[in-house]
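S.K.: Protein chains in written order, with my numbering: chain A, 1 to 479; chain B, 1 to 285; chain C, 1 to 308.
All the given hints hold, so there is nothing to weed out.
Calculated lysine-lysine pairs in the DSS-like style (CA-CA distance at most 30 Å, straight line): (1) C:Lys-60 x A:Lys-266; (2) A:Lys-471 x C:Lys-76; (3) C:Lys-196 x B:Lys-9; (4) A:Lys-472 x C:Lys-60; (5) C:Lys-295 x B:Lys-109.
Hints listed in this document are in silico derivations from the structure and should not be mistaken for laboratory results.
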Amino acid sequence: MYDKEKGLFEAFVAKKMSRRELIQATGKAGLSASAAGFLLTQAQTRAMAADFDWMKYKGSKLKLLLNKHPYADAMIANIETFKSMTGMDISWDIFPEDVYFDKVTAALSSGSTEYDAFMTGAYMTWTYGPAGWITDLNEFIKDPAKTNPNYNWEDVLPGLRASTSWNGVPGGELGSADAKQWCIPWGYELNNISYNKKMFDKVGVQPPKNLGEMVEISAKLTKDLGGPYGIGVRGSRSWATIHPGFLSGYANFGEKDFTVADGKLKAAMNTAGSKSFHADWVKMIQDSGPKNWSTYTWYQVGTDLGAGASAMIFDADILGYFMNGGDNKEKGNLGYAPFAANPNASAPTPNVWIWSLAMNNAGTQKDATWYFLQWATSVEHDLFGARKMDFVNPVRASVWKDEEFRNRIDKSYPGYLNQHDVSAPGAKIYFTAQPLFFDLTTLWAENLQKMVAKEIPVDEGLDTMAAEIDKKLAEAGLG
Amino acid sequence: MDHTSTFEKTLRGVLITLVLVFFLFPIVWIFLMSLQTNETILRIPPSLAFTPIIDNYTALITGQLRTAAGSLQLNFMQNMFNSVLLSVCSVAVSLVLGVPAAYAFARFKFRLGEDIAFTLLSFRFAPALLVLLPLSLYFKSLGLTNTYVGLIWVYQLICLPLILWIVRGYFEDISPDIEHAYRIAGNSWWQTFRKISIPLAKPGIAAAGLLAFIFAWNNFVFALILASADKQPVTVGALAFVTASGIQYGQIAAAIIISITPTLALALYAQRYLVEGLSMGAVKG
Amino acid sequence: MTAAATEMRTPVKQSRFMRRALPYLLSLPALLMCIGILIPFFTAVYYSMLRYRMNLPAMKGFIWFDNYLNFFTDPKFWNTVYISLTYAFLTVGLELLLGLGIALLLQRPSRFNNIASILLLLPLMTAPALAALMWKLMTHPDFGILSYLLTVIGVQNFKWASDPSTALFTVLLVDMWVYTPFIMILLLAGLRSLPKAPFEAAALDGVPRSFVFFRITLPMLMPYIITATLFRLLDSIQQFDIIYAMTQGGPGDKLLVFQVQAYLDFFQATNVGRSAALMIILWAITYALSNVFIKQWLKLRERAHGAH
Chain A
1 MYDKEKGLFE AFVAKKMSRR ELIQATGKAG LSASAAGFLL TQAQTRAMAA DFDWMKYKGS
61 KLKLLLNKHP YADAMIANIE TFKSMTGMDI SWDIFPEDVY FDKVTAALSS GSTEYDAFMT
121 GAYMTWTYGP AGWITDLNEF IKDPAKTNPN YNWEDVLPGL RASTSWNGVP GGELGSADAK
181 QWCIPWGYEL NNISYNKKMF DKVGVQPPKN LGEMVEISAK LTKDLGGPYG IGVRGSRSWA
241 TIHPGFLSGY ANFGEKDFTV ADGKLKAAMN TAGSKSFHAD WVKMIQDSGP KNWSTYTWYQ
301 VGTDLGAGAS AMIFDADILG YFMNGGDNKE KGNLGYAPFA ANPNASAPTP NVWIWSLAMN
361 NAGTQKDATW YFLQWATSVE HDLFGARKMD FVNPVRASVW KDEEFRNRID KSYPGYLNQH
421 DVSAPGAKIY FTAQPLFFDL TTLWAENLQK MVAKEIPVDE GLDTMAAEID KKLAEAGLG
Chain B
1 MDHTSTFEKT LRGVLITLVL VFFLFPIVWI FLMSLQTNET ILRIPPSLAF TPIIDNYTAL
61 ITGQLRTAAG SLQLNFMQNM FNSVLLSVCS VAVSLVLGVP AAYAFARFKF RLGEDIAFTL
121 LSFRFAPALL VLLPLSLYFK SLGLTNTYVG LIWVYQLICL PLILWIVRGY FEDISPDIEH
181 AYRIAGNSWW QTFRKISIPL AKPGIAAAGL LAFIFAWNNF VFALILASAD KQPVTVGALA
241 FVTASGIQYG QIAAAIIISI TPTLALALYA QRYLVEGLSM GAVKG
Chain C
1 MTAAATEMRT PVKQSRFMRR ALPYLLSLPA LLMCIGILIP FFTAVYYSML RYRMNLPAMK
61 GFIWFDNYLN FFTDPKFWNT VYISLTYAFL TVGLELLLGL GIALLLQRPS RFNNIASILL
121 LLPLMTAPAL AALMWKLMTH PDFGILSYLL TVIGVQNFKW ASDPSTALFT VLLVDMWVYT
181 PFIMILLLAG LRSLPKAPFE AAALDGVPRS FVFFRITLPM LMPYIITATL FRLLDSIQQF
241 DIIYAMTQGG PGDKLLVFQV QAYLDFFQAT NVGRSAALMI ILWAITYALS NVFIKQWLKL
301 RERAHGAH
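Could you put the whole structure together from the sequences, leaning on the hints where they help?
M.R.: Structure, rendered in structure tokens:
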């Protein structure tokens, strides 16, 4: 039925026809937009399929463990492409994010073979990797027999490729030459400012350019707006409080969480620079932060921005992205700005969260699973997600250059592209990779809470915390 | 019984009203939230003026959620089914095992009696977290992972001790005389148990069964760890509305209201039996 | 005595063996059903004697009771003990008083009282994790209806769960909201099943009400009170859902009760040894407390039976 149109799409995919020509031609052929989209994806898939035997594991059945997340939704929307291309059957279990990682830990620690691949964050691989629960994917990526030639691994942003690989040595630099690739980046978020333009205009301020300005401007906003508070940042008793804006600003001043010497780790949160940063951050929260700050997670920070209870957030850019749509009161009012906390820094150094796909080491169909992984992280699927679904941020440079994607974002989310482009070069994980990541970072958050509640002073508190951390490192044989 | 002064009556009325307000206000609030969109819920300051919508309920029941980004599949009714199945079966099994056992402890002084009773109670001491990892390992080797049977078995840890000790208390309170009278009249032990003991202890059995049902219904950690997505109970289902693109309070509220309904229906049905404590009191003394 | 004598005259024969075996036949199925949990339990005990952190597999080793000894010298452990016991006793104590009061208010069987008592069970029917989520919204400074109501009566900026000084109060409030109905319904059923005779006699004799309450009602109700309190205590000392949903154990370390700490130890840090040891300690505390309660309960029962 669509044979003539198929030819059009093939020409487009083979770059013999421009997008405009394609749209005109399909319009003339009377194709609806959705049919055109479907055929385009098919053509791209066929091109993908042409040089590589995608059908090698035909008939296999794979099972995925997924988090309830827009990235998973995007993949499910496109899953038919995978099934028809490889002849594989695929099913999945979706769990809500609140309990997702508990399920993953439980499944992996019991040696379950039920799931072949699953979603994870990079930090979790610092646990799963050394525990032997996930497979080093280098053996697949580097093998031309297993990976299709158009995969273009180098297209994935270098900071992300490095941040998802670790050699397992505590303190070992992420992305080192001997690093194991524990997971494949799928979608990521970097930390910057999302702000309410209307509120900013009302008070007459611009997005801050460094930490000092941020403290000042948040205070001004809190005072002059008569209701909303100036700056939303996370504060719950969790590693996730240190990870977003806090660490991004912290790293911008060149501060570290640990120093590594002779393979031994030592806490570095009590340097003079760190103490100064903490003092400013704590004061900012006390003066202009959310009133219930110490219970604030991703959700509260976002909800407040979306409902007009806060003027800006220093958190994941995609959080600001989501709050600018849906049924949020402030949708359409939000703007985005890159942020470098250090006035002397040349560019932002945002810490990142990378949702990735990992392979269960206890799985029984690793080669077939790799086929799924390379499809789900392919250029084609990334483009699909970026153009058609809410798949931000894509991890591939080529997708960020894609016109259709850029136009879509620019139209509804002004400033978003700029904040990303400016920040992407410096976007990576600034934590030191070590097995005690969760314990110690949660401890850090706990102490931050005590500082904000004025239970402990900043300077002495950090000294005590560093000593406690050093002790724990020594007990675990790391320090 | 008529020496309750008007002062007392008013005081009683005021106190009951306060109690009802404290416990039911949040429920009413949740119900109101279930009829609103997220945007109206998150207003500053919160307000009671809104136009009710039933979209949240239709989304949950039909399984289709229309959002700005398109249509999402929901699985909530499957979660409801799981919860009903697990709770009903677990309580049924616990009653069948627990009521006779409670009778035994109450009526007979047998060696090891108290030890067995205490052991059965002690299963409630084990925090779930203690046994989760070993349990998942053993389930795996026994092939019980992701089975209703496996979960119902684990749920006995929650329901059985409760039913046992509550019903035991009731049996202890029933005077043995009427049972002896029935036995003397020529009935077997089993007939006595069925026709006399159980009916007399109905309030206790009803209360225990209802409470066991509630605790089984609200438990989710065992299902989470030991089963796959298709067997998850309502609590996990409701948590799915805590998404990266925002907490869907309206849907969570609707989910809570829907998930309360079966338990409420059961409670209303059981309240008949809870009342019958009166007749039992007449037997004693 | 008379019962035994009567029994020998019944037409229905029952062998002595049957009579002796009957209680075991009745109770053993229940026991056998649950006995399986002992295997995972002893496995967990074994874990608690290991140094075992899943992402540091090289360090795995059998260390006898070192995990326990490390706890006893760790001030954070004692903080956990302190806050867990405080939480447990406060919740159970307050819920007992409130539950008893409500049961007394509703004890007369009337249509209204019956419906009210069932409606009061609604908070209990709400899964605690979800209830905490809703309470978190209700106590939000901007969208929360409770914060709003407080501002109406002049209390500004109440910090609810986010401030160390009010966090315990807030989670206590949520706990009481969810669990008081549990005690209420048990005590109500108990009150309704008390014999009428002593009360009628007291009324006839013109005995003052406080005397009736303290010397007649309360003692007869005691076994029910003990049962209800015991089960609430068992659950409260193992509290996880409410506290984790509201503060994850914070602010600071104010609410780091046993199961929250063990959850973080196992699921975040994958420290199997430590979390198992912590839970065994919790189990031991629960065992000891329950023993006390059960002994009391049995004593009361004996006294009650002796009085017959």
